[in-house]
Every structure is written in C-alpha cells, then in structure tokens.
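Peer 1: Sequence:
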Amino acid sequence: MPTSPALTDSTSGRSIVSVSPRVRFAPSPTGALHIGGARTAVYNWAFARATGGTFVLRIDDTDPERSTDENTAQIMRSLRWLGIEWDEGPEVGGDLGPYFQTQRGAHYARALDHMKASGSAYPCFCTPDELAAKRAAARQSDGPSGYDRTCRRLDPNEARARIDAGEPHVWRIAVPLDRPDIVVDDAVRGETAFPSSAMDDFVLARTDGTPTYNFATVVDDVGMRITHVIRGDDHLSNTPRQILVFEALDAPVPRFAHLSMIWGADGKKLSKRHGATSVEAFRDEGYLPEALLNYLALLGWSLDGETTIISRETLASQFSLERISKNPAIFDFDKLEWMNGAYIREMSADALAKRMIPWLAEAGLATEDDFAARPDWYQALVPLVAERAKRMTDIPAMLAFLFGETVAIEPTAADKALATDDARRSLQAALEALGTITKWEHDAIEQTLRDLAVTLEVKPKVVFQAVRVAVTGSTVSPPLFESLALLGKERTIRRIEAAL
RNA sequence: GGCCCGUUCGUCUAGCGGUUAGGACACCGCCCUCUCAAGGCGGAGAUCACGGGUUCGAAUCCCGUACGGGCUACCA
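Numbering (the numbering used here), first residue to last: 4 to 503.
Think of the hints as simulated: they come from the structure by calculation, not from any bench. Ideal Cβ positions, reconstructed from N, Cα and C, are used throughout, including at glycine. Please note that a few of the clues may not be correct.
Unchecked claim - Quick list of in silico lysine to aspartate or glutamate cross-link-like pairs, EDC-like style, CA-CA up to 20 Å:
#, residue 1, residue 2
1, Lys272, Asp337
2, Lys272, Asp335
3, Lys338, Asp269
4, Lys464, Asp425
5, Lys357, Glu288
6, Lys119, Asp253
7, Lys464, Asp446
8, Lys462, Asp446
Said to hold, decoys possible - Label pairs and their in silico Cβ distance ranges:
#, residue 1, residue 2, range
9, Pro386, Val22, 49 to 57 Å
10, Glu170, Ser274, 38 to 46 Å
11, Ser351, Gly308, 23 to 31 Å
12, Asp72, Pro198, 36 to 44 Å
13, Gly491, Arg83, 39 to 47 Å
14, Pro331, Lys275, 13 to 21 Å
Build the full structure now, drawing on both the sequences and the hints.
Peer 2: So, in structure tokens, the structure goes:
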C-alpha cells in the first residue's frame, strides 16, 4: 500500500501537517488536447507554481481502443507550446512513476488486494445481460438505481470456489451500509454532501482485470501523493465514489476543485462547429501561446476583477483556487482575438520579426535565409504590422506587396483611387517627383508627396491613395511612407509606371 | 426516474449584508489621422433567472420554482 508523506488526523483524514501541494493533469490520450483540457492543465500548473508545489503529468491511457501514442505526443507538444512544463511525468521522469496508467498494473493489483483483505471489495459474477435486466427493472421503480448487491450476499466460500473454477467475475466496492453523507470539500463550490445510500457498489476491476476509471484514478492519486485534484466539473458526481475508494485504501482524501465547463456561443458543449477547439488548431490559426494562456486563465478565474492582460509570471505567482468562478463560461473568440492583438503589439521588434518569419515562409514570401541575410529590413517591417495584426496569420497578407517585383491592383481599389483625373495627374506627377529623391527615406518621401499635393492643388489624400493603390494594389495598407521606404525606390517607380 | 452542480450587461467577470452594481471584449459616437489599425475621450447596455422568507437593510443568507448542465457503464 502506498502511503502519504503527510501526517493525517485519524478521524478527519485531513492533513494536519502542511506539505507542499502536488497536483496532476491526467488527460486521456483519446484525442488532441482541446481547450477545456488545456484550461484544466493551466490551472493545475499555475496552482503548483503559485504554491511552490509540484505539477505532475499522468497519461490516463486505460482505454486501449481509443488511446494512441500520437495523441499522447500531441498533448505533450500542446502543453509545451503553451509553456506548461511538468515537474514529473512522461519524458521528465520522477520518483513516483510510471506515469502511464497502462504501466501501473501492479499498483492497481496491490490496491485491490488491500481492499479484498479488508473486505471492502467483493467479486461479482453477474453477467452483463443480468445487469442490464436489473437496471431496466430498477428504472421502473422510484428508488435509486444501481447494482442491487446480489453478489455481495454470496457466501464467501462459494465465491472463492467459483473464482477457483475460473468463472468470469469483476470486483466491486462494498460501499459501507451505515455511512453518513459523503462530503466533498471543494475549493470552488464549498462542501457538498452526497447521500451514501445513492452510491452503488460500482466496479473496481473488470473481468479482464483492468481497473476502471474511478479506481485507477484514486490508486494513482494516492500513489503519486496528490494533495489537490483540480479537474472538470463532469467529475464532481464521481467524487463521492472516489472518496469511498480513498477511505477503503486508508489514504488521505485530497482537496478538490471542480471547474465548470466551457461552452460554445450557443450555450452548447464546445465542439468543432464553433471553430477551433484543439490547442494546435489555435496555434495554426495564428494565436500566440502567451495570449491563449492568458485567455484560458481568465476563462473562469480572475486576478482582481479588473486586470485582463496577465503575464505568465503573474499567473504563476498569483493564481489561487479561491478566485475560480463557479459558472460555466462561454468561449469568446472575439475577446481572444483582441487579446492576441494586444500581445502582438507588446512584443519587441526583434521578437516579432523572428516569430513572423515562419508565417511569411509558409505564405511563400520570405525564407529563413533571407531573414538571416537582412534582419534589419525584417525588423523594420514590424511597426507596419504590429498595431494592425490580430493574429499571426494576418501578417503575410499585410506585407505581401513588399515581396516580389510587381503587384496586382484590386479592380475596386483602382476604381476608387485611380479613376479620376486628379488621381491620374497625381500619379503622373508623383512618378516624376519621386524620381528626383536622392535619399530614399520616410521623411523625404512624405515631404515630396505633400508638396506635390500643394502644387497640383489636390487634397493630400488623393495623392496618397493613388500612390498607395498603385504601389500596394489596395486602398488598405500599412502606413504609406514607411511602406515606400521599405519597398525601395526602383520598385516604387516601376509600380507607378505600371499603374499609369 | 434518482443524486448533485450552476444562473450578475450580448460575452468573460468584480461583488462575499449597506456600492450611483465596477472592469474587460464586442457595439455606438467624438478626437487623432495618408488608408486600415492602434490610441484617447464618451455612450448605450444588468429590475443581479423567478417566487417566497430572514433582516432596519439582500445580487450577497435560507427555502422553493423554472431553465441549463453533470453523474447514475466492466468510458474517461
């Protein structure tokens, strides 16, 4: 039997000596890490960091049908992308492993032996068909449904004989008959009581010997000395069952914190219909990990009710269970996008330049080699997009006109800004005036074009828009003079010629 | 059916017996301005799900109701 390092009060089972918290994130590798799981991971991680505790990653891969190594790899990749590092778990090791449930069979067997010996587990020979019939019958009557404990009344000798004879059986927990309400001490919801009479003798070990979720998770939480279980709301109703297992194992019951679900805009469970749901999908759509982390942290938790931009460091030092909210949250893509833009704006030119290269490369505009050859030019690009981009995926389109010799002019843009006489005069004059500039830089370009407008007696806007459309192909672009400076004199001139 | 949980602007939230119910996103207006943004200023938007209590006083405490959600598997 694994034991806890904490001294525990023999009556309450509560720790009476404070130990540093140990929390775990235990995803099932049956799919990609989605937004709900990621938020659970963030909270566990932040809590561990803020309390000086330990964050354990455990892979709950007991479902052989749906669990895959690729999913496990993707989950770990997603966590690391978010900047969430685990202190114990796959690839980093730890003293209380293994950290895959499929490798912990010996632990489950030992725990089950302990329960058999103490009489808190008993074999059940009822067949699936019989159980289905019992369930159907129970549903007709009013009382609580659940297993009717037929095999619990079996004579122990008979049970042993049937096991020896090789009869298929599962092992069920023997729920104490006279137990008072099971009270879940939840950091988010307070104390909630469940009548123990509503707990049926659920299965601990299947016919094939493998543990069920409610059993395995408790054995592991005990074995890994987990002090705080922070997980989704959907587990709240299972918690009293698990508490029964903790007690049967003579182990201290951890503190719980159940997080409400995350919904889509229609109040339904978040699904692909609502857009991206996996962490990698958000990554691919141009969201920054620090922005997603911040947004996720705020989806059900608040620092002070005022602050919205919260750094990783602040989160890791200020996070607390007390400030988790009880209500389900609807995922607001608009707010995430705003937040992502805020992070893009805050980034240093050097950092953003480096980070936008892969996106430019993917769009076929830039290459790592080109970046290495002229980093200054790329850094100068940053101010053009930093204030405008909401996601990294916005950037290539904003800068595309700076790459390549020519540019295709949008027909509607041409109609709007090039079709008038004033526009054509402006463009013609700009061509000549710009050609005379010897020092091709922002101020000179601006002065030249402004003077031009005065000379032609047209509004500066007319000149600017005409040049903008001729050079960038669109009525919407980054600031004009910076753009021309970065584009270079030759290409600017050629494009104006082409537009005339 | 049984057992649990939840309900404050459209959305995320603050609030933990006495507040003009605060902030953020989104929205609207003005300013700035070479377009688009960003930024600044301002606005609209919440009878705190509903009904009863308790209290001098309730968004805050208690009890119901309604509506959502979860669990009730040899799934996690």
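Peer 1: If a hint holds in the structure, say so; if it does not, say that too.
Peer 2: Structure-based check of each hint:
1. Distance restraint check for Lys272 and Asp337: the Cα-Cα separation of roughly 18 Å lies within the 20 Å cut-off, and the hinted pair is therefore satisfied.
2. Under the criterion of a C-alpha separation no larger than 20 Å, the hint pairing Lys272 with Asp335 is consistent with the structure, at around 13 Å.
3. With a C-alpha separation of about 16 Å, the suggested pair Lys338 and Asp269 falls inside the 20 Å cut-off, and the hint holds.
4. For the given pair, Lys464 sits about 11 Å from Asp425 by alpha-carbon distance, which is consistent with the 20 Å threshold.
5. Simply put, Lys357 and Glu288 have alpha-carbon atoms about 18 Å apart, close enough for the 20 Å limit, and the pair holds.
6. For the proposed pair Lys119 and Asp253, the alpha carbon gap of about 13 Å is at most 20 Å, so the pair holds.
7. At most 20 Å may separate the alpha-carbon atoms for a hinted pair to count; Lys464 and Asp446 meet this at roughly 17 Å.
8. For the hint linking Lys462 to Asp446, the alpha-carbon distance of about 19 Å falls within 20 Å, and the restraint holds.
9. At about 51 Å, the beta-carbon gap between Pro386 and Val22 stays in the expected band of 49 to 57 Å.
10. Against the hinted window of 38 to 46 Å, the Cβ-Cβ separation of Glu170 and Ser274 comes to about 43 Å, which satisfies the hint.
11. The given range of 23 to 31 Å is respected by Ser351 and Gly308, whose C-beta atoms sit roughly 30 Å from each other.
12. Restraint check, Asp72 to Pro198: a C-beta distance of roughly 42 Å satisfies the suggested window 36 to 44 Å.
13. Checked against the given bound of 39 to 47 Å, the beta carbons of Gly491 and Arg83, roughly 40 Å apart, stay inside it.
14. Between Pro331 and Lys275 the C-beta distance comes to about 19 Å, which sits within the given range of 13 to 21 Å.
Hint violations for this structure: none, all hints satisfied.
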